[in-house]
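> Chains as they are written, first to last, in this note's numbering: chain A, 1 to 102; chain B, 103 to 269; chain C, 270 to 615; chain D, 616 to 778.
Please keep in mind that the hints were generated in silico from the structure rather than gathered at the bench.
Just so we're clear, the structure is a prediction, and the values are computed from it rather than from any experiment.
Just so it is clear, CB atoms sit at the ideal spot from N, CA and C, and this is done for glycine as well.
Hints may be right or wrong, so weigh each one.
[What the hints assert, rightly or not] Derived coverage of chain B by chain C (criterion: at least 3 residues anywhere in the stretch with Cβ under 8 Å from a Cβ of chain C; other residues may be distant): (1) 130-140; (2) 153-162; (3) 235-247.
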Amino acid sequence: MIPLEHFLTLSGILFSLGLFGVLARRNAVLILMSIELMLNAVNINLVAFSAYLVSTEFVGQVFALFVIVVAAAEVGLALSIIIAIYRSRATSNVDEVDLMKW
Amino acid sequence: MEVKGAEGFYQGLPRNILIAKTDELFALARKSSLWPLTFGLACCAIEMIATYMAHHDLDRFGVLPWPSPRQADVMIVAGTVTKKMSRAVKLLYQQMPMPKWVIAMGNCSINGGPFASYSRVIQGVDLIVPVDIYVPGCPPRPEALMDAIMKLQDKIAQDAHRNGKAK
Amino acid sequence: MPWYVDITARVGAMLIFLILTVLALVWLERKFAGRIQMRLGPMRTGYQGLLQSLADAVKLLLKEDLRPANADRWAFQMAPFVVFVPIFLIFVTIPFSRELVIRNLDMGLFYIIAVSGLSIVGIVMAGWGSDNKYALLGAVRSAAQMISYELPLVLALLGIAMQASSLNLVTIVEQQRFLPNLFMQPLGFTLFMVAALAELHRSPFDIPVAESEVVGGPFIEYSGIRWGIFYLSEYVNLVAVAALASLVFLGGWEWPLLPPAAWFLVKTFALIMVIMWVRATLPRLRIDQLMDFAWKILLPLAFVNIFIVGLYRLYQWPTWTVSLISLAMAIVAAATVYHFPGGERR
Amino acid sequence: MTGAQFLFYALGLATVMGGLGVVLSRNVVHSALALLLSLIAVAGIYVLLYAEFLALVQVLIYGGAIVILLLFVLMLTRSGESPLVLDNPQKPVALVVSLLFMAIAIVSFFLTRWKLAQAPRGVDFSVLGGSLFQDWVLPFEVASLVLLVALMGAIIIARESPQ
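Work out the full structure, taking the sequences as your base and the hints as a guide.
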């Protein structure tokens, strides 16, 4: 049997990889991909909890399902925003789209 | 088939035991499945198309026109090759994977034909690519093209046979 | 027998069966299209050209394996396998008869839908990795088409799953012992077959690989055995879709007289012949017509199909009413498409 | 090592390699393909956690749809010719932050006392479906509404010329 901690460690590594990607990357699509990694790390946690922990229900799987739904919606919307930005600015570099910051 | 570095391997073996026979077997497969590149340059192309069509049906020989040079075995140069076009023809030939063959169809592609004295016309496609079979005619009839394909099949079989025997 | 020997034997047997079937299908398609076009098809290679596909296969194996200088090494060389493996994985759960199956999964239908979507990635890899504008164009067309047509395909299968209350293919087949789903849901069958043609890149939806527009699409730069794998996977996909349709719509092996697996193969090959017939008959659609057709006609019809099946399940209607409504809808849809063909070119 | 353990470590390795590919690759399309590898491996991990349905959903949604969408947009925006454009100047900081987070998370995973069940177990697919449509029907409907709104929003935002 694989200990629960190993699943959690895997998800921790995956989450920090996603965090690194979000912080270090400039391209908007790459940032989106890193966010997907983070969501997946969370999903691994949820499913592992639902399999290993004491509970009569399996809320973890249901939640993971909803996370996937939200991820799909998020990707669709974000990609359309990226395309709109690319049309008006000819760039998908998030550091160049900072007009609203000051 | 030209394989660099394979000579040493061939030399160490007695003739005719295995390599020659497999070569001939491969040639059998190759000659039964000659896929020409789909392109035509001038009026000969019309005859070539007629040969592909239902009445003559080149599919009987396993000849299936293919649009991309990467998947083609035979190049049928059907028509006048102008200087401007010659670069494209040469490029297409270079893009085809080995082993590959060329059929020069019609007088224009053999030696310039009626345009033999024109400076803007290549005086025979064999000046730019190596030609295996020449089909004379202006344009040749479909039967002539079919004959050329059968000749090419014979040539492939004979080449394989000869490569196995004499060196 | 240890489990790994068992699995290897099953998968190997399936692989050999598929390769032989594909060789036979290539020959069959050339003969069949030839007969339809009043030609003979392959004649010279073996009796009636029976060895033609073998010759083609051997020739492709021996051809030079080219890789364009600017192609992306990794994506270009991996793409054929990324296309082939998911399509082959479909066959893990396709039952030829009740026992003759690699592994009967409880969620077989959903598994097939999920896995078959993966091969799009391989096609996009091929198109992008080739560094060729036609290949890229073909790959983008292919991805758009496959994503659009996956929806009606999945929704048509959803109708079946609702009716059978199961995703297990064996259960679905056994429920059709008396009445194949074809007669129950003619609309669903029509939707499935049309969407499947698009998924298979088959005429009249062969826009991604159209020779006259994109010169063979994503596969343009491939030669030799890698191209052969693409070709193989197109035909394996054809077999997979026809097998799936014969399982969920035609009742698979559940007919008397012949042995079960024979019935299954007969139905599968009949469907494949229909697909070849369509290919030899119809011209190609335009890309905007293709998208319009998926989103404005097939998708609403798929919802209607689900609605009808839902009403049937909820109110326990007699079977014939559902068949009649479904058939009427299919006919109305066909008439609509016939009278209002695709819009004008913008 | 049992088969399941071997499978877990292989899949975990694939997941992490894919993740590394996403964040380190210099080619955006390679990043997307590495993301696919990682996500498929995660689907395998779901199978090890007795969540077959979720694994299939993962393959269908991520492999069939999301990665394709990402590839599409990468090709439409043609971004990232040079690695300079891809990475921020705050890369070292990001490295430190993420390593720190990883350390804290892993340490806390091992220090926490989990209320473990007798054995890891899954849930039958039909039970999951029943629960989804009975106990969770409101979130389910909200989720479908979210998808619909996102779909319409995406079409409106990405449309070329609003007329």
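> All hints are to be evaluated individually against the structure, with a verdict given for each.
Now for the hints, and whether the structure bears them out:
1. Counting residues of the region 130-140 of chain B whose CB lies closer than 8 Å to any CB of chain C gives 6, so the stated coverage by that chain holds, three being the minimum.
2. A count of 4 residues in the region 153-162 of chain B with a Cβ less than 8 Å from any Cβ of chain C is obtained; the coverage claim is therefore met, three being the minimum.
3. With 0 residues having a beta carbon nearer than 8 Å to a beta carbon of chain C, the region 235-247 of chain B misses the requirement of three or more and the stated coverage is violated.
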